[in-house]
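S.K.: The listed protein sequences correspond, in order, to chains D and E.
Going by my numbering, the first residue of the first sequence is number 44, and it counts up by one from there.
Going by my numbering, the first residue of the second sequence is number 66, and it counts up by one from there.
Everything labelled a hint here was simulated from the structure, so no lab data went into it.
If you're wondering where the values come from, they're calculated on a predicted model, not measured in any experiment.
A virtual CB, placed ideally from N, CA and C, is assigned to each residue, including glycine.
It cannot be assumed that every hint is accurate.
As the list claims (entries may be wrong) - Chain D regions said to be covered by chain E (calculated; three or more residues, Cβ under 8 Å):
id, segment
1, 46 to 58
2, 85 to 96
3, 99 to 109
4, 121 to 132
Unchecked claim - Interface residues of chain E toward chain D, partial, derived using beta-carbon atoms under 8 Å:
id, residue
5, Gly88
6, Ala104
7, Leu120
8, Thr135
9, Asn176
10, Arg200
11, Trp203
12, Asp207
13, Gly212
14, Ala243
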Amino acid sequence: MHLAYPAVLAALLFCTGLYGVLARRNAILVLMSVELMLNAVNLNLVAFDVWIRDTLHAGQALTLFVIAIAAAEIGIGLAIVLMVYRNRGSSDVDRLRDTAERAEPDAPAAEKAEVIA
Amino acid sequence: MSLAATAATATAAAERGFLSPTGVEITFVLVGLVTLGAAMVTVTTRQLVHAALWLVMALGGLAVEYLLLTAEFIAWVQVLIYIGSVVVLLLFGLMLTKAPIGRSPDADSGNRPVALAVALAAAAALVWVVVDAFRTTWIGLDGPAQGSTEVSGRFLFRNWVLPFEALSVLLLAALVGAIALSRKNGGAAKNGGAAKVDRTAKVDSAADEDSGTPGASGKEQR
Numbered sequence: 044m045h046l047a048y049p050a051v052l053a054a055l056l057f058c059t060g061l062y063g064v065l066a067r068r069n070a071i072l073v074l075m076s077v078e079l080m081l082n083a084v085n086l087n088l089v090a091f092d093v094w095i096r097d098t099l100h101a102g103q104a105l106t107l108f109v110i111a112i113a114a115a116e117i118g119i120g121l122a123i124v125l126m127v128y129r130n131r132g133s134s135d136v137d138r139l140r141d142t143a144e145r146a147e148p149d150a151p152a153a154e155k156a157e158v159i160a
Numbered sequence: 066m067s068l069a070a071t072a073a074t075a076t077a078a079a080e081r082g083f084l085s086p087t088g089v090e091i092t093f094v095l096v097g098l099v100t101l102g103a104a105m106v107t108v109t110t111r112q113l114v115h116a117a118l119w120l121v122m123a124l125g126g127l128a129v130e131y132l133l134l135t136a137e138f139i140a141w142v143q144v145l146i147y148i149g150s151v152v153v154l155l156l157f158g159l160m161l162t163k164a165p166i167g168r169s170p171d172a173d174s175g176n177r178p179v180a181l182a183v184a185l186a187a188a189a190a191l192v193w194v195v196v197d198a199f200r201t202t203w204i205g206l207d208g209p210a211q212g213s214t215e216v217s218g219r220f221l222f223r224n225w226v227l228p229f230e231a232l233s234v235l236l237l238a239a240l241v242g243a244i245a246l247s248r249k250n251g252g253a254a255k256n257g258g259a260a261k262v263d264r265t266a267k268v269d270s271a272a273d274e275d276s277g278t279p280g281a282s283g284k285e286q287r
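With these hints in hand, go ahead and build the complete structure from the sequences.
M.R.: Take a look at the structure:
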């Protein structure tokens, strides 16, 4: 098999996940997109491990580790999302801008209108 | 040895063009198209639960790709952990945050065009570089399986024992952390409902409110 096929598929999947992370509003959908990106990296790791055939099988071992870390990440991430949802009644990531820097301190009315909208 | 193998694969790839694909390659491309399509629907659909179900399809397609790359153990781990637990966790999360069942028109945030531009630019750059670099590289899938369960167990418990154990500790810590996070403000659900009602009034002072609410609710509980 040409190595280009899995590599191109992994690149495209990664960019799909990148789009999802940037464009989605619900935090759980952002987590799904992160899973897609991790899976793209896993596909790359497996393909290159099968190509290189080293005795340590570093690619496949790292893939297993990434899968376990993704499971841990999704557990912690969902716990955080649930906590934010309980506190705010919403899990939209672009509404959580309390720590954002105020761009123009002399225009508080416009800022407040934007926050409420 | 590695150099010799690389040279051998290079010569093997030189006589195998992209226009005469093998059966494995055809299968890989077809399953890859399905996977990519499912992933794209996952990140673009407006129905949140459907996104999770399409994610199942994308992850299952990736498991098939692992099988085609002879990484059999990882394929089954993928099915078990991703499809079996991660997607179920995501569905639980969707239900617990009261995700709307039908279409939700605000599933995408306002920076969608920017995200599309960034993703397209990244895709073009990555695909160009990858194709340019690995145009002539050939993976020999014949011979003994690279990722059967026996081989995986051997390399995992012979060469990777310490990272494996450290990872199990990390997983334990993460799960304990998740339990602690979701349990710490068990009493805040009542206040969450109250906070939701007058949320619009409190959004601009939300930082003060949120630092105050869990402590207050904890005191009330005790």
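S.K.: Of all the hints given earlier, name the ones this structure violates by number, lowest first.
M.R.: Hints 5, 12 are the ones this structure does not satisfy, whereas the remaining hints hold.
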